[in-house]
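Protein chains in written order, with our numbering: chain A, 1 to 135; chain B, 1 to 117; chain C, 1 to 247.
No lab work stands behind these hints: they were computed from the structure.
Please note that a few of the clues may not be correct.
What the hints assert, rightly or not - Subject to a maximum C-alpha distance of 20 Å in a straight line, what follows is the list of computed DMTMM-like cross-link-like pairs (lysine to aspartate or glutamate):
(1) Lys115(C) to Asp17(C)
(2) Lys10(A) to Glu111(C)
(3) Lys3(B) to Glu71(C)
(4) Lys189(C) to Asp200(C)
(5) Lys97(A) to Glu141(C)
(6) Lys43(C) to Glu32(C)
(7) Lys45(C) to Glu32(C)
(8) Lys45(C) to Glu3(C)
(9) Lys3(B) to Glu32(C)
(10) Lys238(C) to Glu187(C)
(11) Lys18(C) to Glu91(C)
(12) Lys31(C) to Glu15(C)
(13) Lys117(C) to Glu8(C)
(14) Lys115(C) to Glu71(C)
(15) Lys29(A) to Glu138(C)
(16) Lys106(A) to Glu71(C)
(17) Lys10(A) to Asp17(C)
(18) Lys31(C) to Glu3(C)
(19) Lys3(B) to Glu235(C)
(20) Lys10(A) to Glu187(C)
(21) Lys43(C) to Glu8(C)
(22) Lys43(C) to Glu91(C)
(23) Lys189(C) to Glu235(C)
(24) Lys238(C) to Asp165(C)
(25) Lys115(C) to Glu187(C)
(26) Lys189(C) to Glu125(C)
(27) Lys117(C) to Asp194(C)
(28) Lys10(A) to Asp186(C)
(29) Lys124(C) to Glu187(C)
(30) Lys106(A) to Glu138(C)
(31) Lys10(A) to Glu105(C)
(32) Lys117(C) to Asp200(C)
(33) Lys10(A) to Asp165(C)
(34) Lys115(C) to Asp200(C)
(35) Lys115(C) to Asp194(C)
(36) Lys3(B) to Asp200(C)
(37) Lys45(C) to Glu8(C)
What the hints assert, rightly or not - If we take Cβ atoms under 7 Å as the criterion, some of the chain B residues that face chain C in the derived model are:
(38) Glu7
(39) Pro8
(40) Arg78
No residue lacks a Cβ here, since even glycine has one placed at the ideal position from N, Cα and C.
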Amino acid sequence: MATYTSYPPKGYRVRMSTYWWLGRWPYLKFILREISSVFVAWFVIETLLQINALIDGPEAWLEMQDFFTNPIVIALNVISLFFVVFHAITWFNLAPKAMAVRLGGKRLPGIFIAGPQYVAWVIVSAAVAWLLLHG
Amino acid sequence: MHKRSNEPFVWLLFSAGGVVAALLIPIHLFLFGLAFPLGWLNAPSYDSVLALARSPIGRAYLFVLCMLPLFHWAHRFRYTLYDGLQIKHLDELVNTFCYGGAIVGTIIAGYLIWRIP
Amino acid sequence: MAEQIALEVTRFSPERDKAPSVQSFDVPLRKEWVVLDALNYVKDKVDGSLSFRWSCRMGVCGSCGMMVNGEPKLTCATFLTDYAPGPVRVEPLKNFPVMRDLIVEITDFLEKLSKVKPWLIREKEKAPSEGEYLQSPEQLETYRQFSMCINCLLCYAACPVYGLDPLFAGPAALALAQRYNMDSRDEGKSERLDILSQHDGIWGCTFVGDCTQVCPKHVDPAGAIQQYKLTATQEWVKSLLMPWGGK
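The following block holds chain A by itself, in its conformation from the complex (with noise of 0.2 Å):
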């Protein structure tokens, strides 16, 4: 037992399970937001994909687009879309709690904050939507 007190830890001590995690549905909406990442990770991995197929020509980028029809890699994407639209969400809402923003002594309610990040998301995806179909 590490002796991280100067009172040994006397008393009866559980290890913690490896599914401490599935015990409350706050600590698995956690868990998910963290498994997230690995999603972000998915998207950059294809996005190298994409950029292999951009170097080496018009008959790789078809092969691309081929491999993006592939009912698995959709499946894949779905998944990521959600994670990934899951990850912005949480991450839009918990900014606020990080930022304690005080305007004449009251504190800013959260939406201020949170809110332009909103309007930024759409705007930023508009943006890129619109170069890549009309650009």
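Chain A is fixed; fit chains B and C onto it per the hints.
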């Protein structure tokens, strides 16, 4: 006296990656992962994508899109391994895998982006 | 015959038992009773050896924290009727060693609390003849929420990081450190930063956020820790850009 941790460095990368991932990845994933393959929207041609990607801004954008989310993953996954698999005692291995992986990915991204014709 | 509810209580006598066990008691289901009343009924009328901590019975002392049906609660503020028809499972506070029945060893928290220096640190104390320290209501408001902590340790029971790593400072200690950092009379920010910006300090926190959910006084320790992460990062950047800057 304790020396202050250098954790803020990776935390900054994690936060920046989180913002980029939240703002940009959903639309990219929706378009390239669903809308274009399933024919909901007309996929851009090879030439138009190349024109966007080869511009200096396009290259910078792609680099940021790849690098920062990778470091976001590295930091978050590191702590998921600590808490989920309880392998904090293997922290050197975990750190190497996570941050090392992100660095490798960044180098690959940089190389590929540089090679866009 | 008045309505009854079953209370399933953890029993553990270190002299006798190797591990805790569960004992069930039937207690009256009175509509104004809280779990603490039920425990006191058991101790008074059924089994005097049942051991548990309590004091003010009104949610300000922080003594009666226990797990009620798996959730950390102040037993003086948890109504029995909310759990009807029962049974109600009462267990000792999670993530702490169990000393006896429902009593846990909280020395670890007390040590961590003193480590973060939860008092006003000043370079020079003002002499009483110079008058009192003045603080405006706005200045008070910046830290008032964090000062509401009653050290009930429900947040430690909720925090999975503390459960997994006993070296982690924990929500209440970090929130109380922030309470003093934000106090306009305090001059100890830098001293506390050395202690807090450590792997077992604020950087162990992964913002699960459950501590804030269970806190009976709405202290929001998760918010305090994230705000402090920002502050620590700002200081880190400053020390990079201006390494000659004194503390």
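Worksheet item: Which earlier hints turn out false for this structure, listed by number in ascending order?
Response: 1, 3, 9, 12, 13, 14, 15, 16, 20, 24, 28 and 40
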